[in-house]
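Protein sequences appear in the order of chains A and B.
Residue numbering for the first sequence follows this note's numbering, starting at 1 and increasing by one per position.
Residue numbering for the second sequence follows this note's numbering, starting at 1 and increasing by one per position.
If you are wondering where the hints come from, they were derived from the structure by calculation, not from laboratory data.
No false leads were mixed into what you were given.
Under the rule of at most 20 angstroms between Cα atoms (straight-line distance), these lysine to any residue pairs were calculated in the SDA-like manner: (1) A:16 / B:203; (2) A:205 / B:35; (3) B:205 / A:14; (4) B:205 / A:38; (5) B:193 / A:160.
Here is how the chains run, residue by residue.
Protein chains: 2
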Amino acid sequence: MSREYSRQLAQIALGKHKAQLVFKNAQVIQVFTNEILTADIAVQDGIIIGVGRYQGEAEIDLSGKYVCPGFIDAHLHLESTLVNPGELILQAGLTGTTTFIVDPHEAANVAGTAGIDYILSETEDTEANVYVMIPSCVPSGPNEDNGHHLTIAEMRQYLEHPRVLGLGEVMDCQAVLDGEDQMLEKLRLFGSKKLDGHAGYLGEKETGCYALSGIQTDHECCTYEDALREMRTGMQILIREGTGAKNLEGILTGIIDNQIPCHQLAFCTDDKHIEDIREQGHISYNVRRAIELGMPPIEAIKIATLYPAKCYGLKHLGAIAPGYQADLLVFSDMEEIKVEAVYYKGKRLDPTKHRHRNIPAELRDTVHIKWKGREELRLFLQGTESPVIELVPGQILTRNIRERVNVQQGEFIADQVYQKLVVLERHHGTGKKEMGIVKGFFLQNGAIASTVAHDSHNLIAVGDNDEDMCRAIEALIKCGGGYVVVESGKEPLILPLEIMGLISTWDYEQVSKMTRQMLVVAHKMGVPADVDPFITLSFLSLPVIPQVRLTTRGLYDVMKGNFII
Amino acid sequence: MSREYSRQLAQIALGKHKAQLVFKNAQVIQVFTNEILTADIAVQDGIIIGVGRYQGEAEIDLSGKYVCPGFIDAHLHLESTLVNPGELILQAGLTGTTTFIVDPHEAANVAGTAGIDYILSETEDTEANVYVMIPSCVPSGPNEDNGHHLTIAEMRQYLEHPRVLGLGEVMDCQAVLDGEDQMLEKLRLFGSKKLDGHAGYLGEKETGCYALSGIQTDHECCTYEDALREMRTGMQILIREGTGAKNLEGILTGIIDNQIPCHQLAFCTDDKHIEDIREQGHISYNVRRAIELGMPPIEAIKIATLYPAKCYGLKHLGAIAPGYQADLLVFSDMEEIKVEAVYYKGKRLDPTKHRHRNIPAELRDTVHIKWKGREELRLFLQGTESPVIELVPGQILTRNIRERVNVQQGEFIADQVYQKLVVLERHHGTGKKEMGIVKGFFLQNGAIASTVAHDSHNLIAVGDNDEDMCRAIEALIKCGGGYVVVESGKEPLILPLEIMGLISTWDYEQVSKMTRQMLVVAHKMGVPADVDPFITLSFLSLPVIPQVRLTTRGLYDVMKGNFII
Chain A
1 MSREYSRQLA QIALGKHKAQ LVFKNAQVIQ VFTNEILTAD IAVQDGIIIG VGRYQGEAEI
61 DLSGKYVCPG FIDAHLHLES TLVNPGELIL QAGLTGTTTF IVDPHEAANV AGTAGIDYIL
121 SETEDTEANV YVMIPSCVPS GPNEDNGHHL TIAEMRQYLE HPRVLGLGEV MDCQAVLDGE
181 DQMLEKLRLF GSKKLDGHAG YLGEKETGCY ALSGIQTDHE CCTYEDALRE MRTGMQILIR
241 EGTGAKNLEG ILTGIIDNQI PCHQLAFCTD DKHIEDIREQ GHISYNVRRA IELGMPPIEA
301 IKIATLYPAK CYGLKHLGAI APGYQADLLV FSDMEEIKVE AVYYKGKRLD PTKHRHRNIP
361 AELRDTVHIK WKGREELRLF LQGTESPVIE LVPGQILTRN IRERVNVQQG EFIADQVYQK
421 LVVLERHHGT GKKEMGIVKG FFLQNGAIAS TVAHDSHNLI AVGDNDEDMC RAIEALIKCG
481 GGYVVVESGK EPLILPLEIM GLISTWDYEQ VSKMTRQMLV VAHKMGVPAD VDPFITLSFL
541 SLPVIPQVRL TTRGLYDVMK GNFII
Chain B
1 MSREYSRQLA QIALGKHKAQ LVFKNAQVIQ VFTNEILTAD IAVQDGIIIG VGRYQGEAEI
61 DLSGKYVCPG FIDAHLHLES TLVNPGELIL QAGLTGTTTF IVDPHEAANV AGTAGIDYIL
121 SETEDTEANV YVMIPSCVPS GPNEDNGHHL TIAEMRQYLE HPRVLGLGEV MDCQAVLDGE
181 DQMLEKLRLF GSKKLDGHAG YLGEKETGCY ALSGIQTDHE CCTYEDALRE MRTGMQILIR
241 EGTGAKNLEG ILTGIIDNQI PCHQLAFCTD DKHIEDIREQ GHISYNVRRA IELGMPPIEA
301 IKIATLYPAK CYGLKHLGAI APGYQADLLV FSDMEEIKVE AVYYKGKRLD PTKHRHRNIP
361 AELRDTVHIK WKGREELRLF LQGTESPVIE LVPGQILTRN IRERVNVQQG EFIADQVYQK
421 LVVLERHHGT GKKEMGIVKG FFLQNGAIAS TVAHDSHNLI AVGDNDEDMC RAIEALIKCG
481 GGYVVVESGK EPLILPLEIM GLISTWDYEQ VSKMTRQMLV VAHKMGVPAD VDPFITLSFL
541 SLPVIPQVRL TTRGLYDVMK GNFII
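Excised from the complex, chain A in its bound form (with noise of 0.2 angstroms):
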């Protein structure tokens, strides 16, 4: 900044020179204070240059309506909802949303340094404030085929980055505890930034010490004893609502209940649907919810505001004060905080702006797959007993069973108990491949297939019949990975993911009809009316969540650690 315009904001400050903009008669709140204070907001170059009576080139009246800071999202995916990032912090972004604290752990996981990238060029010139955490753990487990393994090297080159603000969710707890080399190493290259981490359900020593080791957040909380377990050792909070997981009750109802200060608390949504996301609002869903709970209206929204732009070091994000930028939402109840109006640096969003769709090269082309044909599918079991992974009925745990299951000339037949799972490699082309039997899809006469399988994102399929399974595979190997329903007899429905098998290129509107499209088909194919089956299909291969999984190198007993031979 020249000292000459310094000087021309100080005199707009001191009010001996109009402000490009101001926004008139607001009813300001002062998450300093936790006053309402009527006032004028005056806006240069995106900047708030004053709060009092202020006059303007342009004026906005705002009499009646509320002013607060936009709201600050601690922490989500930005690659796991299907589109382009851009048409998430768009669709976001209108419900009050203004800056993202975004893991591009998914993109990593597929395309590594290629993936960052994308995601940090996608959001370079969005509508908001994008800030990226380097993804900590890829591949997620040592057992892992995923595209690629990231490098503390690869790691390091982020560190400068303007917009890295440190290290995303350290998943891997043991090897924190452990004190694993390459897990310190980590841990100290980003020690000066911020650590975020992964670990609820620690225990109370388990817990102290993966602060110990420097990790300040976590998101992963369900309850209110996690939560304050947590807090007690320094930790902020990133209280979640998203999609999937959904713990802002279950932890702020004690907050509220026992008078804990919320300084230590932060809103985040990790993984949210986009339709969910315009039913419901984004963060300003969560701000929502905890007034609801009773948390007072200014607290609930320092929650989304003051308390992580501190938690995060950004310094001219959270309040409205001078030198604060001019991220601004408007709306007319302290008590629904229904947005009615967004301002980014001073600018109100626009709806039909021109969204990004970029396909970098290197990121069209990530499915490789050594695939030899339906025959690949024939699953031959010794004796009539086998692993089966049951699914449990809403949620995303499994059980580990072992059951009779049809068998015919020593090959399995899928019925309407048990279908075929498989899970191939498809990142380098190795062929790996690995069948299983579920239980709990009921899914009949068709298959159902996706190239999104948390975190390594392997081809997975599942199927009735191998005939529509292998059509559901070539389909997807055909348009470069996506999201495949196969009917028996039918056109299969595709809706490609072309970037990096996970993300669309279409508008979010057309992913949505699509998405909804599969599910009616799937439902009517048996699938249970609560199950998603895409959803479910993208945890199967998690080796982490309990009880059981599939991954391309075979099934594997989370509880026990090893694979069931």
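Chain A is fixed; fit chain B onto it per the hints.
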């Protein structure tokens, strides 16, 4: 920290190895959750490793005792108390202050970088955390003859010092509002660090403009209204309760009554005499006073611990949690907070420990006056009317008056009402000298002189006869600066302040004894009982406090901003 050592700490945190030291069964003040938890505190190498149930090689039972984090003084001047920094830190430390954020403003005015280096080196291995803010306004104004003009190049040298947190109190508010080049450069230079303010009295727009410059704290607020106006800009209010300025009740009464949140507050003393520290406590007194006024005790403790630690980015201080430094205070009563034991890095403070009193050679001989003798003190007037500096009882303010005084053959003769005041440039032997007439001192048959005179610290003397004034001045020239009281016909009382003319090498007990003795004599000679002649003298040359001051360049009208011809 080596990986092996990290693993060792983790093992202790997990309870698998004993810690060096465990405080058992304490009532731990939990600043993150506002709880009081019965727990053990495990300490290794001065760091808290765990809070819960632990066993130690050594154990200290604290059953029935409360433990809170060591207190932080967010702003003070170590060199304003006549004693060596180590003396002050020890005495304040014993009352519970374990962290000192100091501004070596006086030292810099006398000796520039040598003065700053002295404060840094004297505090290098004290049993306290001492951080330094680099003085921003040395000299304090363009018309000052101080010892050293601290250049931006010199300030830059301290940017990377691990104990330098930022820029010291920016007193020249007008330069900030006007955007003067030098000031903008200083603000830019320290812009990524903390910028301390000094602006309690500005109007609303001026306060906003001042905050816009990036200044983030202020310790000059006297009233709740001052504090609130600045808090709204996001500034942290360092509530001052020292020997001279007592702002705590004025500010906190309003904060409590209006339920303003406290996270934008901190405590400081600015200047507090060692006798007052020993009688009342230091920051512990601020905490106790806050509780007396109705502040919940844990919140009062947080204003002295967590909030200033967060404000100044001291991540390892201000809480009792894993990874935090084991600076701990033990007490028995949540209302009184009478500190019974102080642990710094897990070691109990030892009141008998050797105290530093190094005297760097370049700080020893700082009084250089071109002095020709008593003849220099003759004051000739045009007529019998003269400008007079009138003291305002009980305040450091003065009145600018013009009165008829005793003149014989054109020469002013002091009497019971009007005494002579002289200021001599004492740094560079320039011979600059100015005289004036003061009313309200009531000094008879003697003289008092000092080399402590804010901010330039020239030699200032007052007396009713030239002979005693001459003896006083010559005594200070001879001893290298200090305080002196001369009673006609008696041996002068001298407190040598050999270090920069500001600091004694004596123990505080000796200093205390001598200053008490001097006060007795001064009051016997007519100085009103409620006037400390040294404090009064020390401000009579500071041309920023209304209405009139005498400097080495003449009688200065503070209200008009010019010299009185």
